[in-house]
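Colleague: Whole structure, please, built from the sequences with the hints as guidance.
Protein chains in written order, with the numbering used here: chain A, 1 to 115; chain B, 1 to 108.
Worth flagging that the hints you see were computed from the coordinates, not collected in a lab.
A couple of the hints might just be wrong.
[Claimed, not checked] Incomplete in silico selection of chain A near chain B, CB under 10 Å:
1. Q50
2. Y102
3. E103
Quick reminder that beta carbons are idealized off the backbone N, C-alpha and C, glycines included.
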Amino acid sequence: DTGVSQNPRHKITKRGQNVTFRCDPISEHNRLYWYRQTLGQGPEFLTYFQNEAQLEKSRLLSDRFSAERPKGSFSTLEIQRTEQGDSAMYLCASGYRGGLSYEQYFGPGTRLTVT
Amino acid sequence: QQPVQSPQAVILREGEDAVINCSSSKALYSVHWYRQKHGEAPVFLMILLKGGEQMRHEKISASFNEKKQQSSLYLTASQLSYSGTYFCGSPSRGDMRFGAGTRLTVKP
Numbered sequence: 001d002t003g004v005s006q007n008p009r010h011k012i013t014k015r016g017q018n019v020t021f022r023c024d025p026i027s028e029h030n031r032l033y034w035y036r037q038t039l040g041q042g043p044e045f046l047t048y049f050q051n052e053a054q055l056e057k058s059r060l061l062s063d064r065f066s067a068e069r070p071k072g073s074f075s076t077l078e079i080q081r082t083e084q085g086d087s088a089m090y091l092c093a094s095g096y097r098g099g100l101s102y103e104q105y106f107g108p109g110t111r112l113t114v115t
Numbered sequence: 001q002q003p004v005q006s007p008q009a010v011i012l013r014e015g016e017d018a019v020i021n022c023s024s025s026k027a028l029y030s031v032h033w034y035r036q037k038h039g040e041a042p043v044f045l046m047i048l049l050k051g052g053e054q055m056r057h058e059k060i061s062a063s064f065n066e067k068k069q070q071s072s073l074y075l076t077a078s079q080l081s082y083s084g085t086y087f088c089g090s091p092s093r094g095d096m097r098f099g100a101g102t103r104l105t106v107k108p
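Modeller: Dropping the structure here:
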């Protein structure tokens with residue numbers, strides 16, 4: 001257990017519905033990352049926050065995806081009008097600067113299945 | 001652009017050694033290594049910095065070769081608990097690009 005929690009752990013939804021996931025990072029960590037992972041692949045970067053500021057978004061993140069981190073604490077990732085291709089594991093990572101680079105600690109993930 | 005890992009898969013007997021490589025066509029300034037067991041989230045192992053020292057995590061060590069733009073992960077005297085998929089990650093500004101992973105299976 002890294003101390004990063006994600007909810008829900010599993011989500012099954014019908015195509016076209018909206019879903020929202022939550023991530024609670026380690027409290028002292030100022031960075032929070034979202035990734036998507038499909039079977040047999042490495043995590044794919046989606047976006048990250050430093051405190052409450054969203055500093056970078058992947059081009060893979062279509063306008064159906066939005067993320068927030070109000071007050072620099074927990075974060076939510078919303079997917080609107082879900083498509084079957086959105087089925088994946090959504091991972092959140094909490095990051096802090098240990099030396100010259102940020103170490104990332106992953107939560108258990110939310111597995112999304114779009115039917 | 002994501003790093004390239006090799007090999008894609010390795011099968012070992014307990015006690016054997018293995019090397020996993022991670023290379024990039026872009027300049028590498030640091031390489032992060034993670035291990036992911038089936039059905040679990042990736043777990044941070046270590047970070048290699050350009051010009052930095054070789055790092056260790058238990059009996060797993062890693063090095064960074066600036067000339068080759070490559071990092072190598074050395075698993076010595078492998079244990080059953082080392083089984084999993086190893087990912088290297090290359091940060092680019094704030095984001096992280098992960099390789100496709102190397103699946104390591106350690107058999108008794």
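Colleague: Next, verify each hint and record whether it holds.
Modeller: Structure-based check of each hint:
no.: 1; hint: Q50; verdict: holds, 7 Å
no.: 2; hint: Y102; verdict: holds, 7 Å
no.: 3; hint: E103; verdict: holds, 6 Å
The structure is consistent with each of the numbered hints, conforming to all of them.
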